[in-house]
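Protein chains: 4
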Amino acid sequence: MLEALKKEVFDANIELVNKGLVIYTWGNVSGIDRESGLFVIKPSGVDYDTMKPDDMVVVDLEGNVVEGHYKPSSDTPTHIVLYKEYPEIGGVVHTHSDWATTFAQAGIDIPAFGTTHADYFYGDIPCARELTEAEVHGEYEKETGNVIVETLKQRNIKPLDIPAILVKNHGPFAWGKSPANAVYNAVVLDKVAQLAYNTMTLKPNTERVNSYLLDKHYMRKHGPNAYYGQGSK
Amino acid sequence: MLEALKKEVFDANIELVNKGLVIYTWGNVSGIDRESGLFVIKPSGVDYDTMKPDDMVVVDLEGNVVEGHYKPSSDTPTHIVLYKEYPEIGGVVHTHSDWATTFAQAGIDIPAFGTTHADYFYGDIPCARELTEAEVHGEYEKETGNVIVETLKQRNIKPLDIPAILVKNHGPFAWGKSPANAVYNAVVLDKVAQLAYNTMTLKPNTERVNSYLLDKHYMRKHGPNAYYGQGSK
Amino acid sequence: MLEALKKEVFDANIELVNKGLVIYTWGNVSGIDRESGLFVIKPSGVDYDTMKPDDMVVVDLEGNVVEGHYKPSSDTPTHIVLYKEYPEIGGVVHTHSDWATTFAQAGIDIPAFGTTHADYFYGDIPCARELTEAEVHGEYEKETGNVIVETLKQRNIKPLDIPAILVKNHGPFAWGKSPANAVYNAVVLDKVAQLAYNTMTLKPNTERVNSYLLDKHYMRKHGPNAYYGQGSK
Amino acid sequence: MLEALKKEVFDANIELVNKGLVIYTWGNVSGIDRESGLFVIKPSGVDYDTMKPDDMVVVDLEGNVVEGHYKPSSDTPTHIVLYKEYPEIGGVVHTHSDWATTFAQAGIDIPAFGTTHADYFYGDIPCARELTEAEVHGEYEKETGNVIVETLKQRNIKPLDIPAILVKNHGPFAWGKSPANAVYNAVVLDKVAQLAYNTMTLKPNTERVNSYLLDKHYMRKHGPNAYYGQGSK
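Protein chains in written order, with UniProt numbering: chain A, 1 to 233; chain B, 1 to 233; chain C, 1 to 233; chain D, 1 to 233.
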């Protein structure tokens with residue numbers, strides 16, 4: 001079942017490795033079929049070198065494995081929270097990519113310093129608060145999803161306007177319209193984090209890009225009058 | 001038409017990827033045929049993996065597409081300003097390369113710290129001022145070209161003496177005698193920016209290279225009595 | 001003799017190169033056969049490009065070469081101390097990998113800043129004290145092993161809970177259940193050190209991950225109720 | 001003539017590219033035949049991609065081209081000074097490698113922070129003084145060699161004990177017993193400079209490795225009782 005989506009999710013997981021965002025088994029991508037309400041996710045701790053599309057696990061939104069010979073990623077409950085809350089997203093990614101994880105460990109937002117950032121993220125990329133001891137001891141991975149949703153709500157962020165977040169002392173989650181798009185956003189997130197690190201270590205107290213340039217770049221790619229690309233966005 | 005130039009511009013765009021200066025569709029190179037007054041530029045938002053020489057777009061200096069099945073790069077008006085102002089340049093490049101973008105985001109010039117810099121850039125590489133709100137809301141990409149020209153004029157810089165500039169909160173533009181030469185300069189720009197970043201973070205307040213060593217190195221490669229290379233410069 | 005272990009140790013040495021942890025001959029891996037009390041180690045100063053499984057040297061725990069046409073690694077006495085002290089380890093690695101060596105040169109522990117660290121190391125990764133002049137002038141490589149054991153004891157660390165250490169002004173040692181597992185830990189060590197460097201230069205005085213999140217992540221992979229992976233841990 | 005040496009020098013130049021120490025034509029290696037007093041050096045500004053062993057240039061110690069269809073490297077006079085002063089060296093390298101050039105631009109020595117450094121360089125790697133205006137306007141490349149010799153003399157350094165130096169605001173020179181050994185030292189130099197940069201930015205005011213550990217590591221590889229490697233050093 002869902003063979004095409006399995007292939008998409010498999011390819012998206014492999015792309016994480018090819019882009020240098022994960023080593024060993026450190027990451028996971030999922031993709032959802034909104035019609036059936038089922039999603040496909042990487043199995044837990046299976047080596048990327050030997051993994052096949054058929055090893056992907058099909059899960060429903062209550063967390064039941066519907067098909068698959070492996071256990072799904074241990075982060076599956078986080079993906080579920082995001083899919084349930086945001087019908088507009090079709091893929092979710094988690095990594096420990098170098099530069100995004102650096103900001104997650106430092107516990108600070110990635111400031112919007114320029115157009116590279118603004119082309120994809122409409123403002124600072126937030127770092128969610130630390131989970132409480134009760135949350136960690138409870139349904140940890142589900143609470144991770146909850147704190148992501150809490151943060152986006154508090155800041156009035158629509159998920160596709162800033163399609164990534166940092167979880168404090170942990171790492172980034174990214175999402176998108178599809179598994180491939182979510183991985184694309186995860187790659188851009190890490191590049192944007194790297195540029196921000198460089199900028200802040202080169203010149204502490206650098207000011208953010210002004211709001212009219214932020215608007216201009218985000219809108220020229222994503223607004224109703226977008227004119228970047230060939231119009232098939 | 002202009003098949004040889006299309007191939008040159010295509011190759012120069014691919015070279016950007018090979019040298020690690022761009023990911024995805026983040027960059028563009030153009031080259032001009034001064035005789036016909038037409039230039040060839042990368043299409044907007046087309047994937048480098050599938051792009052062919054024939055996908056390059058031919059544009060005149062008023063911005064009209066003369067030939068091509070794609071829309072030209074959204075930065076086309078910036079290229080036009082540079083070609084109109086500087087008849088001595090034959091190629092223009094825009095990237096978001098890591099180290100040059102770092103300086104653009106910090107909003108500071110790249111100081112000339114050594115002979116690696118002086119071999120190609122005859123002095124600090126300027127960071128142009130922030131565009132005003134009116135400029136961004138108006139013909140944004142054209143105004144980007146205008147602020148580049150304004151900066152070079154204010155600083156009395158001949159474009160081939162310092163063949164690159166940073167646009168604040170955006171990224172670098174570079175140019176050269178040909179598309180390949182412009183890409184070469186974009187690669188050197190990023191290397192020189194990396195060395196400057198390293199130098200400034202290792203030892204803040206490092207002094208610039210003295211003027212006689214700057215002169216010596218620039219002139220031994222580019223002056224009337226240049227003696228570097230095999231004389232076919 | 002021990003042909004399978006020789007192949008394992010050889011592969012683990014080559015993996016060090018493939019993962020970018022060593023250049024030239026800068027590193028060594030060994031693996032032990034607990035039944036016979038013999039271990040297999042890389043020869044000293046032999047080029048990785050031409051090295052073959054058969055070039056591995058078999059040594060006993062008194063340091064006598066039992067088989068091999070080459071001298072064993074000059075760090076052999078350090079490996080012996082670790083194998084003697086810790087029956088639970090099956091492989092030992094020494095490298096001068098970039099980020100771990102940075103902390104060793106700075107003489108500071110690698111603080112546990114996040115879950116990437118906690119997934120593999122149950123607390124800060126210690127930097128052992130400087131060796132005394134007498135220790136360096138005496139049986140230097142053996143004393144290096146002794147100072148590692150001394151440090152783990154002082155800090156009440158079980159070797160598989162934090163399977164790596166830094167030796168001041170020198171570099172890292174890592175270990176594991178097998179040669180391959182030791183190399184895995186050496187790779188993770190360097191990645192975790194890189195993230196810590198980035199975090200500390202981005203935001204000095206960053207606080208460590210809190211203890212309940214450290215516990216959670218270490219235990220979800222390594223505790224009695226581990227639920228990461230496919231259960232064949 | 002000197003066909004074997006030409007091949008050696010050619011291979012050493014290519015190795016510079018393979019190790020990531022140079023881009024484009026930014027570097028040169030030479031090797032000397034002490035019997036004939038002739039040395040072989042890379043031609044000036046010739047592309048590494050198309051260069052052949054036969055393109056190497058044979059030069060005598062007065063700087064006369066004895067054989068070759070190209071002009072020799074513009075840095076040839078620097079190589080000559082070193083070969084004349086130090087009969088024990090057989091190869092010389094110049095690069096603008098990232099980390100060594102960073103220290104050259106900052107104008108500071110590379111401090112000996114650990115055993116990685118001590119294994120190859122018996123103390124801090126010096127940064128030579130700035131050349132005077134008269135020296136730059138005179139025989140610049142020869143004066144570059146003179147300031148290297150002046151620095152080693154002032155500091156009582158035997159060239160094979162610290163086989164590299166930084167020239168202020170310029171970049172590194174390295175040397176060795178052969179062209180291949182000189183390149184090896186240039187690679188280690190850059191790695192050691194990178195580790196020193198990391199150490200100094202992670203913990204400013206880090207102290208140097210103590211002298212007895214420096215002695216131990218240098219001597220275990222290079223002293224009369226060296227015991228690293230297979231004895232064919």
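There could be a bad hint or two in this list.
A pair holds if it fits inside one copy or across any two, identical chains being indistinguishable in the list.
[Stated by the list, open to error] Under the rule of at most 35 Å between Cα atoms (straight-line distance), these lysine-lysine pairs were calculated in the DSBU-like manner:
(1) Lys142 to Lys203
(2) Lys52 to Lys203
(3) Lys158 to Lys177
(4) Lys19 to Lys221
(5) Lys158 to Lys203
Keep in mind the hints are simulated off the structure, nothing from the lab.
Is it within, between, both, or neither for Lys158 and Lys203, if the alpha carbons may be no more than 35 Å apart? For Lys158 and Lys203, the Cα distance is within 35 Å both inside one copy (31 Å) and across copies (29 Å).
Between copies, within a copy, both or neither: which fits Lys158 and Lys177 at Cα up to 35 Å? For Lys158 and Lys177, the Cα distance is within 35 Å only inside one copy (13 Å; across copies 46 Å).
Homomeric proximity label, Lys52 with Lys203: Cα distance no greater than 35 Å: neither (46 Å within a copy, 41 Å between copies)
Classify it for me, Lys19 with Lys221: is the Cα-Cα distance of at most 35 Å met within a copy, between copies, both or neither? Intra 23 Å, inter 26 Å, cutoff 35 Å: intra and inter.
Intra- versus inter-subunit Cα pairing at 35 Å for Lys142 with Lys203: between (38 Å within a copy, 29 Å between copies)
In terms of the numbered hints stated before, the structure departs from hint 2 and from no other.
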